[in-house]
Amino acid sequence: MNGTVALSAADLQQVTPATGIFTLIALLIALPLAGAAILLLGGRRTNRWGPYLGVLTVTGSAVLAIVMLVKLMSLPTGSRSIGQNLYQWVFAGSFKVNFAFQLDQLSIVFVLLITIVGTLIHIYSLGYMAHDVDRRKFFGYLNLFVAAMLILVLAGNYLLLYVGWEGVGLASYLLIGFWQYKPAAAAAAKKAFVINRVGDVGLSLAIMVMFVTFGTVNYSDVFGSASHASQGTLTAIGLLLLLAACGKSAQFPLQSWLLDAMEGPTPVSALIHAATMVTAGVYLIVRSNAIFDRAPWAAGMVIAIGIITMFMGAIIGSAKDDIKKSLAGSTMSQIGYMITAAGLGPIGYVFAIFHLLTHGVFKAGLFLGAGSVMHGMKDNVNMRMYGALRKVMVVTFITFGACYLSIIGIPPFSGFWSKDDIIHAAFERGTLIGVAGVLVAGITGFYMTRMVAMTFFGKARWEDDAHPHESPKVMTIPLVILGVGAVVLGMALLFWGNIKTWLEPVTGLTEAPTVIPDWAIMTISLACVLVGAAIAFVMYARRSVPTTAPRGSWLTRAAREELYGNEVNNTLVVRPSYYASRVLNWFDARAIDGFVNGLGGFTGAAGTRLRRMQTGFARSYALSMVGGAVLVILALVLVRL
Amino acid sequence: MNPVNYVILSAVLFSIGAIGVLVRRNAIIVFMSVELMLNAANLAFVAFARINGILSGQVIAFFVMVVAAAEVVVGLAIIVQIFRTRRSVSIDEPNLLKH
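Chains as they are written, first to last, in this note's numbering: chain A, 1 to 641; chain B, 1 to 99.
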């Protein structure tokens, strides 16, 4: 571990003040934020042109981000961390927080992913949501999401990151429940919000512990003084950050919201619940690498959580018949890979981000492809009602296929490079972790092939009134771009963009001595993938697929029930708190209300009785006065005596 | 004559007045009884002033007279008003306070 700490370079890189084009960092965020404000506050009169404005603002941010990338690449390696301080945001005693952005090698790749994939998904949505009455609101929310996500990745301190963190949570809630007239969508939105809150508590506690320990929440200051903090404190911060990451990235044990989140419109699933927001947890861990490097126990927990989720997601994805839920399981599993890689330390951070980028592109492509299929199949999501769509939806099939080959890791598609690197790094750390990675790669081959086979191959099992057709150009063009990205992005980042050296100043990179040769790992994992894919192809493309799901083995049934994640939550959290609140309610109704009502009743009854004394006869009052006076005089006389 | 006798007379007058207030229904009579009590008090003041040889008791008696005069003015006005509206000066009938 000592060797890795020395190489962790995050605190070596100085933040330089923004000049030139970089003074426009805030504009990256302001554009989509303004779009959201205009669309959401402008009301009905923006209905006609609103969606196009939404597309334009995100496109503007994307163009600006590309310009900034080019400029950043031209700077020398050590000065690629740009800070821009807008104003002093919070000042209370010694606690000062600036409204400051930080653009460095890590943020810029995120900004590019968010804005470019975001732009494509906005364009796609023009077609996908063309007939929705609330189109304007949809684009407003999407813009809001992009703005919040950009705040999250561009923040220069944890407090501003928290703003973005909550902002994407809000946007996610609004968009999952976009069709709120569907009870399932409203419930899913609420569930996502509540479960995310658990993670958010982790993040806010982590920020508080940081403030208490370091007296600041700035990235550079926290990472710079991380080595002075005690092991226990760093482990606590690490575990709290992990809790936050688990909530946002749908990792075990906070995973159950992601599958329900598929109730939202498909572009939302692609943008938020596949490509960007759910990867925020990975960003958080990689960004906080200075803390995790010095807290090996917390980093070990990160690996454990990553591996558990990796398996859970893959198993769920293998059994679901709902194409989007199957993809959601896959997302969980792939983020499990990234989290595992992030837990590996400096040998893994770069690959976590690398896989995050390639995954962002091919998974967005898969989701948009699924949306295109649903568009042609009257919004039916049941893959058992698909089949043989490759002939009617050629573009969708080809792009989906490219993304499919990418996710299962066939060379030279992009997923191959990133996943192979993660598995390789895992083997360096421990054979078991590597074996887990290889096994899940095999399961990935199985469930993705199952999905492709059930959707595009075999016999048509369409419903009688389904007339599948290719989607309009506005939807297929983004698909094509993402498909091309799925093919070339891995190679481009690795060989042309040189992602490892690019990210090294932020994350550090340790090339550990090779335990098992690279080609051996590659062969083993590829063999695993091909076996999984072959099994799935025989089971679902060669044999006919029944239109109603067979009972299946216990594992299939468990996976259909999402490995009983909801039941566990219900048993451990929901039901106990339900009963606890019933007991408290009873206590409130009987004991507290009983006491208060009893007091009121007593006063009332006493008043009723005492009222009888007031006869209204002046003479009786006079008598009581005289009586009183006599008593007073008697008392005086007696005392005198 | 022994001034204590005046005090005893004053006590007798006060008791007669008090009983009158308590037992009579006619507001005018009650009013007169109140006057009787006030003047019994005056008598006591004056008697004690005489016994103790100081003037304050006599001065207070003047004050009481002034207050009694004011009270008569207001009280009679009220009684007249009540009589006008209710055609009665019985003090048991205006028991509106109760309701």
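Keep in mind the hints are simulated off the structure, nothing from the lab. Here the structure is a predicted model, which is why all the values come from computation and not from measurement. Idealized CB from N, CA, C, for every residue including glycine. Heads up, some of the hints might be wrong.
[Said to hold, decoys possible] Cβ pair distances, simulated, as ranges:
| no. | chain 1 | residue 1 | chain 2 | residue 2 | range |
| --- | --- | --- | --- | --- | --- |
| 1 | A | VAL630 | B | ILE60 | 16 to 26 Å |
| 2 | A | VAL639 | B | ASP92 | 30 to 40 Å |
| 3 | A | VAL630 | B | GLU93 | 57 to 67 Å |
| 4 | B | ASP92 | A | ALA589 | 41 to 51 Å |
| 5 | A | GLY628 | B | ILE60 | 50 to 60 Å |
| 6 | B | VAL12 | A | GLY628 | 16 to 26 Å |
| 7 | B | GLY53 | A | ARG609 | 51 to 61 Å |
| 8 | B | ILE60 | A | ARG609 | 36 to 46 Å |
| 9 | A | GLY628 | B | GLN58 | 24 to 34 Å |
| 10 | B | SER90 | A | GLY628 | 20 to 30 Å |
| 11 | A | ARG611 | B | VAL12 | 49 to 59 Å |
| 12 | A | ARG609 | B | PHE63 | 13 to 23 Å |
| 13 | A | VAL630 | B | GLY53 | 50 to 60 Å |
[Stated by the list, open to error] Sample of chain A residues at the chain B side, in silico, Cβ under 10 Å:
| no. | residue |
| --- | --- |
| 14 | SER79 |
| 15 | ARG80 |
| 16 | PHE617 |
| 17 | ALA629 |
| 18 | LEU631 |
| 19 | VAL632 |
Now for the hints, and whether the structure bears them out:
1. VAL630/A x ILE60/B: 16 to 26 Å: 23 Å, holds
2. VAL639/A x ASP92/B: 30 to 40 Å: Between VAL639/A and ASP92/B, where Cβ atoms are some 37 Å apart, the hint holds.
3. VAL630/A x GLU93/B: 57 to 67 Å: Because 28 Å falls outside the window, the suggested range is violated.
4. ASP92/B x ALA589/A: 41 to 51 Å: With Cβ atoms ~49 Å apart, the hint holds.
5. GLY628/A x ILE60/B: 50 to 60 Å: Distance hint for GLY628/A, ILE60/B is violated at roughly 23 Å.
6. VAL12/B x GLY628/A: 16 to 26 Å: With a Cβ separation near 21 Å, VAL12/B and GLY628/A satisfy 16 to 26 Å, so the hint holds.
7. GLY53/B x ARG609/A: 51 to 61 Å: 54 Å, holds
8. ILE60/B x ARG609/A: 36 to 46 Å: 42 Å, holds
9. GLY628/A x GLN58/B: 24 to 34 Å: For GLN58/B against GLY628/A, whose Cβ atoms are near 29 Å apart, the range 24 to 34 Å holds.
10. SER90/B x GLY628/A: 20 to 30 Å: Cβ of SER90/B to Cβ of GLY628/A: about 25 Å, so the range 20 to 30 Å holds.
11. ARG611/A x VAL12/B: 49 to 59 Å: Check failed, 38 Å falls outside 49 to 59 Å.
12. ARG609/A x PHE63/B: 13 to 23 Å: Given about 42 Å between the Cβ atoms, the range is violated.
13. VAL630/A x GLY53/B: 50 to 60 Å: This hint is violated: roughly 30 Å between Cβ atoms.
14. SER79: 91 Å, violated
15. ARG80: Interface hint status for ARG80/A: violated (89 Å vs cutoff 10 Å).
16. PHE617: Constraint on PHE617/A satisfied, holds at 6 Å.
17. ALA629: Where the cut-off is 10 Å and the nearest Cβ of chain B is about 9 Å from ALA629/A, the hint holds.
18. LEU631: At about 14 Å, which exceeds the 10 Å cut-off, the nearest Cβ of chain B leaves the hint on LEU631/A violated.
19. VAL632: 14 Å, violated
Violation of the numbered hints given earlier is confined to hints 3, 5, 11, 12, 13, 14, 15, 18 and 19; the remaining hints are satisfied by the structure.
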